[in-house]
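Enquirer: Sequence:
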Amino acid sequence: ELLSTPQAVARVSHYRLAAHLGSAFLLYAGMLLTGLNIVQDAKIASGTFPKAVIETLSNPTLRKFRLCTIGLAGLIFFDLYVSQNFFQVFIQKLAIAVYGEIFFDNPTTVQFDHRVLAMTTLSSIVALWLYSRRLNLPPQARLAINGVLGVGCLQVTLGISTLLYMVPIPLASAHQAGSLTLLTTALYLVHIMRRMPIKL
Numbered sequence: 440e441l442l443s444t445p446q447a448v449a450r451v452s453h454y455r456l457a458a459h460l461g462s463a464f465l466l467y468a469g470m471l472l473t474g475l476n477i478v479q480d481a482k483i484a485s486g487t488f489p490k491a492v493i494e495t496l497s498n499p500t501l502r503k504f505r506l507c508t509i510g511l512a513g514l515i516f517f518d519l520y521v522s523q524n525f526f527q528v529f530i531q532k533l534a535i536a537v538y539g540e541i542f543f544d545n546p547t548t549v550q551f552d553h554r555v556l557a558m559t560t561l562s563s564i565v566a567l568w569l570y571s572r573r574l575n576l577p578p579q580a581r582l583a584i585n586g587v588l589g590v591g592c593l594q595v596t597l598g599i600s601t602l603l604y605m606v607p608i609p610l611a612s613a614h615q616a617g618s619l620t621l622l623t624t625a626l627y628l629v630h631i632m633r634r635m636p637i638k639l
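Throughout, our numbering is defined as the position within the sequence shown, counted from one, plus 439.
FYI, nobody ran anything at the bench for these hints, they're computed from the structure. Be aware that one or more of the hints could be misleading.
[Unchecked claim] Distance ranges between label pairs, derived from CB positions: (1) T623 x R450: 26 to 34 Å; (2) P578 x Y454: 39 to 47 Å; (3) Y467 x G589: 15 to 23 Å; (4) L475 x P445: 51 to 59 Å.
Glycine included, C-beta positions come from ideal geometry on N, C-alpha and C.
With these hints in hand, go ahead and build the complete structure from the sequences.
Expert: Following this line, the structure appears as structure tokens:
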């Protein structure tokens, strides 16, 4: 059907694209954590560090980051950076479509989902950073948390700039590379927290 349609544009299924992107990130995460475990010696400063604090610092950021990254596959498929680059436009369209396959096949909603997840991710990073300021963390952990905050802010800046300048290739590529950089810094933070001795 696609071959017989005049001026048709070949598309890759966004579901397969999301699965491909997600598996690539999982493979990268596994190799990175394995490498960190091999290279880094267990020389992290000891101290009182409750188990609940470690779980708080380790889990939420990565969970929301994974959702946001997988949502990127839908944006690439629908060319949404160009089609909907202001909130009020797709909020109006969002009110029109309520039922059906809205969350995955509706371009307006996919864009909305990505931005909500992006804001949630950044909010979680900022909350994590603010909470960590009250803790007596070793230098490595402090550096890792500051790195996650810095890369997260840079990633949001790149995303907004990409929209405002109508998706120039260099900015779009930098934004995609930023997602991998954010994953790397978040994984390093989880690695540091996991190696932290627990003293209840």
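Enquirer: Take the hints in turn and mark each one as holding or not.
Expert: Okay, the hints, checked on the actual structure:
Taking the beta carbon of each, T623 and R450 are about 30 Å apart, inside 26 to 34 Å as hinted. Checking the proposed 39 to 47 Å range against P578 and Y454 shows it holds: the Cβ atoms sit about 43 Å from each other. Look at Y467 against G589: about 20 Å separates their beta carbons, and that is inside 15 to 23 Å. Distance hint for L475 and P445: a CB-CB separation of about 53 Å, consistent with the stated range 51 to 59 Å.
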